[in-house]
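> Residue-level listing of the chains:
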Amino acid sequence: MNRKFYYILLIFMAFTFFSAAGHNLAQAQEKRHVDIRLVPELSRIEPGQTMYVAIEQTIAPGWHTYWMNPGDSGEAPDMRWTLPEGFEAGSAKWPIPEKIIIGGLGNYGYTGTAILLQEITAPENLPEGPLTLKADIDILVCAEICIPEQSTAETVLNDAGQPPQDNAAYIDDAFNLLPATLEWDSYYSEDSDGNFITKIAVEQPAFVEVLGAGTDFYLAMKDWGVIDNAAPTYPQASADYIVIRHKRGDRPIGALKTLNGLLAYRDGATGARSAITFTAVPDPEWKARQATPPSATQTPPGNRHPIGLILLFALMGGIILNLMPCVFPVLSLKALKLCRMAGKEIAQARIHGALYAAGVMAAFAAFAMLLIALKGAGAQIGWGFHLQNPAFVAFLAYLMLVIGLNLSGLFELRVSIGGKNAGEEHGYAASFLTGVLATVVATPCTAPFMGIAMGYALTQGAPITVAVFLTLGFGLALPYLALSFIPALQKSLPRPGAWMEKFRRIMAWPMYATAAWLAWVYAQQMPPFAVLWLMGGLLFIASGILLVKRRKTFLRAVGFAALAFALLPIISGIRHDPPAQMQNVAEGWTSYEEKSFAALLAGNDPIFVNMTAAWCITCKINEKAVLDLQGTKNLFKKHGVRTVMGDWTNYNPDITAYLESFGRKGVPLYVYYGPRNPGTGQRPDPVVLPQIVTPGILEKTIGVQQ
Amino acid sequence: MKTIAQIIAVFLALAAAQPALAAVAVGRPAPDFTLTDTHEHDHSLSQYLGKTVVLEWTNHECPYVRKHYDSGSMQMLQKEETEKGIVWLSIVSSAPGEQGHTAPEEANKIMGEEKTAETARLLDPSGDTGRLYGAKTTPHMFIINPEGLLVYAGAIDDRPSARMNTLQGARNHVRAALAEMAEGKPVSTPQTKPYGCSVKYAR
Numbered sequence: 001m002n003r004k005f006y007y008i009l010l011i012f013m014a015f016t017f018f019s020a021a022g023h024n025l026a027q028a029q030e031k032r033h034v035d036i037r038l039v040p041e042l043s044r045i046e047p048g049q050t051m052y053v054a055i056e057q058t059i060a061p062g063w064h065t066y067w068m069n070p071g072d073s074g075e076a077p078d079m080r081w082t083l084p085e086g087f088e089a090g091s092a093k094w095p096i097p098e099k100i101i102i103g104g105l106g107n108y109g110y111t112g113t114a115i116l117l118q119e120i121t122a123p124e125n126l127p128e129g130p131l132t133l134k135a136d137i138d139i140l141v142c143a144e145i146c147i148p149e150q151s152t153a154e155t156v157l158n159d160a161g162q163p164p165q166d167n168a169a170y171i172d173d174a175f176n177l178l179p180a181t182l183e184w185d186s187y188y189s190e191d192s193d194g195n196f197i198t199k200i201a202v203e204q205p206a207f208v209e210v211l212g213a214g215t216d217f218y219l220a221m222k223d224w225g226v227i228d229n230a231a232p233t234y235p236q237a238s239a240d241y242i243v244i245r246h247k248r249g250d251r252p253i254g255a256l257k258t259l260n261g262l263l264a265y266r267d268g269a270t271g272a273r274s275a276i277t278f279t280a281v282p283d284p285e286w287k288a289r290q291a292t293p294p295s296a297t298q299t300p301p302g303n304r305h306p307i308g309l310i311l312l313f314a315l316m317g318g319i320i321l322n323l324m325p326c327v328f329p330v331l332s333l334k335a336l337k338l339c340r341m342a343g344k345e346i347a348q349a350r351i352h353g354a355l356y357a358a359g360v361m362a363a364f365a366a367f368a369m370l371l372i373a374l375k376g377a378g379a380q381i382g383w384g385f386h387l388q389n390p391a392f393v394a395f396l397a398y399l400m401l402v403i404g405l406n407l408s409g410l411f412e413l414r415v416s417i418g419g420k421n422a423g424e425e426h427g428y429a430a431s432f433l434t435g436v437l438a439t440v441v442a443t444p445c446t447a448p449f450m451g452i453a454m455g456y457a458l459t460q461g462a463p464i465t466v467a468v469f470l471t472l473g474f475g476l477a478l479p480y481l482a483l484s485f486i487p488a489l490q491k492s493l494p495r496p497g498a499w500m501e502k503f504r505r506i507m508a509w510p511m512y513a514t515a516a517w518l519a520w521v522y523a524q525q526m527p528p529f530a531v532l533w534l535m536g537g538l539l540f541i542a543s544g545i546l547l548v549k550r551r552k553t554f555l556r557a558v559g560f561a562a563l564a565f566a567l568l569p570i571i572s573g574i575r576h577d578p579p580a581q582m583q584n585v586a587e588g589w590t591s592y593e594e595k596s597f598a599a600l601l602a603g604n605d606p607i608f609v610n611m612t613a614a615w616c617i618t619c620k621i622n623e624k625a626v627l628d629l630q631g632t633k634n635l636f637k638k639h640g641v642r643t644v645m646g647d648w649t650n651y652n653p654d655i656t657a658y659l660e661s662f663g664r665k666g667v668p669l670y671v672y673y674g675p676r677n678p679g680t681g682q683r684p685d686p687v688v689l690p691q692i693v694t695p696g697i698l699e700k701t702i703g704v705q706q
Numbered sequence: 001m002k003t004i005a006q007i008i009a010v011f012l013a014l015a016a017a018q019p020a021l022a023a024v025a026v027g028r029p030a031p032d033f034t035l036t037d038t039h040e041h042d043h044s045l046s047q048y049l050g051k052t053v054v055l056e057w058t059n060h061e062c063p064y065v066r067k068h069y070d071s072g073s074m075q076m077l078q079k080e081e082t083e084k085g086i087v088w089l090s091i092v093s094s095a096p097g098e099q100g101h102t103a104p105e106e107a108n109k110i111m112g113e114e115k116t117a118e119t120a121r122l123l124d125p126s127g128d129t130g131r132l133y134g135a136k137t138t139p140h141m142f143i144i145n146p147e148g149l150l151v152y153a154g155a156i157d158d159r160p161s162a163r164m165n166t167l168q169g170a171r172n173h174v175r176a177a178l179a180e181m182a183e184g185k186p187v188s189t190p191q192t193k194p195y196g197c198s199v200k201y202a203r
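Chains as they are written, first to last, in the working numbering: chain A, 1 to 706; chain B, 1 to 203.
In case anyone wonders, no lab produced these hints; they're calculated from the structure. Wrong hints could be hidden among the right ones.
Listed below are the simulated SDA-like cross-link pairs for lysine to any residue, each with C-alpha atoms no more than 25 Å apart in a straight line [stated by the list, open to error]:
(1) K222(A) - V24(B)
(2) K637(A) - D685(A)
(3) K595(A) - S161(B)
(4) K193(B) - K134(A)
(5) K134(A) - S161(B)
These numbers come from a predicted model, not from an experiment.
Model the full assembly from the supplied sequences, consistent with the hints where possible.
Now the structure itself:
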């Protein structure tokens, strides 16, 4: 008897020991980080009744699970229900997620306890007896590391053996942790700075005050990739709209329709986590903007200027143009004529001034028309585009030489167009033509302020283009016009005398210099041998002009032949196919190619872009006086700046497109891209430098952006 | 005069400032990087211009990565594609002390045990390259075409789960994209939401 008792006791103890050990072992192996249980609203369900079943996650401290959109990483729990026959499961309601940022990645999820609410509907013909609701749940739980856990949770309804339970209060509490569903009209759009904008029409003005008192705002979208999850949210509320600004994510959203999201905040009064949901449709205004051709969606910055400011720029650009080396000699000559006239009647001076202005403006208007026509024909062109044509460059070189020779007193230019009498007597036609000439010789020069005005003009409709060009012309004509109309100014001019002839001779030299420079431009565009032709052409022009004045028929014939020969470089320039997109890039610079530049831009280093052309004198001055200086090179080196040069001497659509992206239609263009911020991974906005750069400006720009 | 010029300069700079382009986007050039592999060799993306390059962000301890390696499916894809001349670079951006961070010898040991078949496994302990590409998860896949343009970014397949049985019937986005590229077709699904563990960047 005793022995038997001991045997039983031994077996019992052994059983207890092993079961305990086994239990511990199982626990060690499957130490869960999330415990899941199901809590039904009521333990009894009626036929056809709908109730909520809570899925309660109890999450280990330091660990988190995920919302329906987990954010940058992670995974939403996957729930699969096994329900008695005829039961239906609706959609689950998710509590307000927390925003969890680790190592620069943004996630949405839960810590502590999270309760999802699942709607369950019983069938009309409810089966008898206990009913088991079972959920298989795959849930990812993460701390620094992630562990996928698989759980099965069950609850039994209508079990006669158990006392009835009413968990309505528990479900109510869970409801309070859900976001508030406000079905207010909501619209989404993108702004030009890469932000996702949500606009919610306020239907209860009192709510704006509640929101105003809130803190700790963040936006969470149900769809992935719409917003940059780790970025902060900037909400603003007025009586009419709640506007939420948040950096866009990397997924294109053009094809998406409605977007669901929530704006979470901490309630100012209670400190409780609160949120409002919205279902946003694309903002109609934004859609309309998108519907316009893609080239127009990227608004050039020039467009942000009011038209008045642009016209002011054009006027200033025109005035400054007077001082450019290619224009100044022509104009100073004009001014000299005024000196002579100072004694004569004022009326005539005014007529000359007005005619000159008319000439300038007519030439500018013609130029504008030509540009509009070419643009209409689909050409990628900008200011100075004609200088991409070697024939025109050769022509301009001749013109400069001829003007120079004229100034040097080697011959007098008689204006025979428009009737000899008028020309001889009063020089009216000459005044008009001087205006045209001033415009033609001004074309190689881009003055400061002209770039913005020009770029703006060419992106606008024809009337505005013409208006801007006319204003430029008016600016160019203005100093002379002022001189001729205001006698007081005329009196301030030095008295006429022998010095005037000397001055005129001196003024010939800038013209020769311009001709020499144009010859160099021609050399950039044409094969080396062609340059010899141009030089020969210049010689023929000079000798031809001198010879045709001679009395002897033979000499005159030789002169005309020489002039005819001089046409050859122009003809060969016309026949010459420009070396497509050939770029001539200075040492130490990378040539601008769309692809390689985009790769550079995607990298981290700061970038300095220099858009230039051989025929752009402002560009060349900047390069020699600033960019090529050892100090500048050292500055670039010190900050690790990648230097990129785009040579627009020849036609190059990629460079034209780049200029256009900054609202420009001409060179020079200098753009500095600061280095990518290692913390945020963002590049600062590119900075456009002025068209006249100085070492100081460079240093300031590059220094500040570090 | 100098002051006026500077005022004008500042004004113009302000007037013409324009937002920068997004860093990495499908259809745009992939940014260049240089990283050292587990055998101390340097690899730059630019050196592979002219070839298709697959970038695979990985972390050998992440359960989602485990799904693809324990099943052998990732190694198989690596082997198939590298044999076709495609450059496959797996990248580890785990910071020192974080999950998945490996010294070169340790990484080589793991690669040997798992019989991986990538062109090279690159170590990015600073996370700079990972952040440059916006790599968010392991795995996170990128495909760069021979012209250097990013043509795919996102998940390895369409089953965002760590469970092995989800491999059955899944569409492997990388395999599909590479097949389309081989036929000269555009990639039909150029972007998906990457899934997996977060990349364990330095905190």
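> Now tell me, hint by hint, if it's right for this structure.
Here is how each hint holds up against the structure:
A hinted pair counts as satisfied when its Cα atoms are at most 25 Å apart, and K222(A) with V24(B) qualifies at roughly 23 Å. Proximity of K637(A) to D685(A) is assessed by CA-CA distance (about 21 Å); at most 25 Å being required, the pair is judged to hold. Of the pairs offered as hints, the one joining K595(A) and S161(B) is violated, with about 37 Å between alpha carbons and a cut-off of 25 Å exceeded. Taking the CA atoms of K193(B) and K134(A), the gap is about 30 Å. The hint is violated against a cut of 25 Å.
Straight-line distance between C-alpha atoms of K134(A) and S161(B) comes to about 21 Å, which keeps the hinted pair within the 25 Å bound.
Hint compliance for this structure: hints 3, 4 are not met, and every other hint is.
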